[in-house]
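Chains as they are written, first to last, in numbering that gives the first Met the number 0: chain A, 0 to 400; chain B, 0 to 400.
Among these hints, one or two may not hold up.
A pair counts as met if it fits within one copy or between any two copies, since identical chains are not told apart.
Said to hold, decoys possible - With a cut-off of at most 20 angstroms between alpha-carbon atoms, the simulated SDA-like pairs for lysine to any residue come out as follows:
id : residue 1 : residue 2
1  : Lys274    : Glu107
2  : Lys274    : Ile105
3  : Lys274    : Arg9
4  : Lys267    : Gly209
5  : Lys267    : Thr41
By construction, these hints were calculated from the structure, which means they are not laboratory data.
Number of protein chains: 2
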Amino acid sequence: MIAIEEARARILAPLRPTGTEMVPLAAACGRVLAGAVLARRTQPPADVSAMDGFAVRAAAAAAGARLRLVGSAPAGHPFAGRIEPGETVAVFTGSLLPEGADAVLIQEDAAREGGEVRVGESVRPGQHVRPRGQDFAAGERLLAPGRRLTARDVGLAAAADHPWIAVHRRPVVAVLATGDEIALPGEEVPAGGIVSSNSHALAALVGAAGGEARVLPIVPDDVEAIAAATERLGAVDLLVTTGGASVGAHDLVREGLARRGLALDFWKVAMRPGKPLMHGRVAGVPLLGLPGNPVSALVCATLFLLPALARLAGETGWALPMETALLGAPLPANDRRADHLRARLEHDAAGRLTVTPFARQDSSLQRLLAEADGLLFRPADAPALAPGAEVPVLRFSNLGI
Amino acid sequence: MIAIEEARARILAPLRPTGTEMVPLAAACGRVLAGAVLARRTQPPADVSAMDGFAVRAAAAAAGARLRLVGSAPAGHPFAGRIEPGETVAVFTGSLLPEGADAVLIQEDAAREGGEVRVGESVRPGQHVRPRGQDFAAGERLLAPGRRLTARDVGLAAAADHPWIAVHRRPVVAVLATGDEIALPGEEVPAGGIVSSNSHALAALVGAAGGEARVLPIVPDDVEAIAAATERLGAVDLLVTTGGASVGAHDLVREGLARRGLALDFWKVAMRPGKPLMHGRVAGVPLLGLPGNPVSALVCATLFLLPALARLAGETGWALPMETALLGAPLPANDRRADHLRARLEHDAAGRLTVTPFARQDSSLQRLLAEADGLLFRPADAPALAPGAEVPVLRFSNLGI
């Protein structure tokens, strides 16, 4: 058995970011940048008004002055001429400042009297003016490669005039569930068997993490069938298997994949739920073998598959978004396997995050996994803790799963 | 001007959840349940072994007893016969407990000697057995309507044997950007104009929130054109406009929509950034008119469009995921408009969330919106605060935007 951190490091080590593809900006949200986004324009493109009001030469706009209104320049309709010290032009938020003007007298401080504007408050040079390039200048780097694009980033890339964006191809993950006792939802279930949920849950997790899942047909507990199922995998970035533990942890999957040239790295991790975790490489494809138990599979996927997807997607600086919470119930000391307790996470009246693990933690209770807000992490050999202790937690919602 | 809470309540009041559609389970992650998910099966379907070991009659399995090994029952291959008190059958995690057995002797406590198994530790009735229905029983309600499905929920629905799921149709949001000075990325930009980013940013936000955006062509600042653009809106659940403020807050959009029968509810909210916020109904479609400024538009979309999408999608109990953070810099008192400061959010060494607003908050700085981790909420008339004060914050990542 190896420790979680070592397992994760060994899973990530051989993974390389996928190649680059161009996507329309409208489809880029949630994708990972494959190159920097540089500004193609300067914003604002020239000095512009920050308010509705009147463009003036500040030196000629002391309180009490009267200025001749020589025009109006709504955004998109710049004033063609140049204003002289005694003149003014009506401007609006975003309007280009006319030539000759260096400040804006805001509406509230001005009185319009016929063809004139009376200055109510003296104007300083530069007042209510957004200088050219205040937001960004052409050529500046706005977004770094490796960043997963948010809606705000998409807006920024649009403003910087990018109709197309270079992103990493979505990592393709083949998901292979094995077991004589399982069937897909709606299909006939063998006597005493159960409906397989791992393929669907893992595919959903892969999708939520920005990957593309390829769900393979369920394979029976048969070495030949397992070998055959992985014969024509095609272009996948990662093969994820679940189960194969019905006659000993992963023996069948391991044996089946051995016929495809499996290079096994490790297959046991000191954690709960989910000790049997297999890592290796088969036919040139990295392999992550998850436990067949659905709760164990999902917890292991959270700890190992999500980081793997981030690495494959080229996302930089990704880490599990661990938080600290106040323990809501006493905890016994832990043994040598790191534990991950399904828990309720809430904010108390003072706004502090609290965590209360469910009383029942049996890994067969899939319903409690769905009901959990997150996981309470118990390191190996952690001491007993009293309520109020600070403990590390992971919120599922922070991971989109 | 009305307060944010009132504006939100008035925006949400007329909205009704969309209708129901069936989607394959594999496409259901992130969708909102339109009905309860009931268990179609009992899980486990019978008493099953929780461990690898030997099924026994506990009364006959005291330490030192020898049991005759009469068979093996891997998961998916139940033992056909019935075991008698002196007999045992090899079982594995998930194996059906053979008839006659009431407990499992785990492998570690057993010694196999030829055709016999010697009991190392006495076995209690029910030990290492997962009773039938421990996870759920057929007919039980597993997931409530109005829930947005996670990957874990998808797994549970699979285990409960649902190949199809009834969800609310994705809300369709038409996005209409207006302005003489704007053009879409890659298109020719008018002299002194800028590239429109609102359509893209809002479409991304709508998509991230589970809606479907329909981006309309940009419309010039022209009443007729605005009226024409909304003439054949078709089946949309919400019309979102941006801009139209170039000659006064929303005047043009308002006037254009008036020709389509706009019933205006309100159009000013006491907040910053983004005072001009228009709400009403046009040609039977709810209308949300956002400011043209991209930062203001995104902040207003966060406060008003996201809740509207949750309501339309039928999601129950949705609320902005406000958190409490420790202030990292002093703040001056606020005026009568609630403020939303772009800010850096970090966890300090003790794991506490801290918030530091950017020094510059000019609403024209779109880049700082992309760089922000979240917003610091300053209520109207909030007093000055010293570093270390607890303040309400909103993390963009918690909203997927």
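Hint check results:
1. Lys274 to Glu107: between (70 angstroms within a copy, 16 angstroms between copies)
2. Lys274 to Ile105: between (68 angstroms within a copy, 16 angstroms between copies)
3. Lys274 to Arg9: within (16 angstroms within a copy, 53 angstroms between copies)
4. Lys267 to Gly209: Cα proximity of Lys267 and Gly209: none, with 27 angstroms in one copy and 38 angstroms across.
5. Lys267 to Thr41: Classified as neither; 55 angstroms inside a copy, 31 angstroms across copies.
This entry does not satisfy hints 4, 5, going by the numbered hints stated previously.
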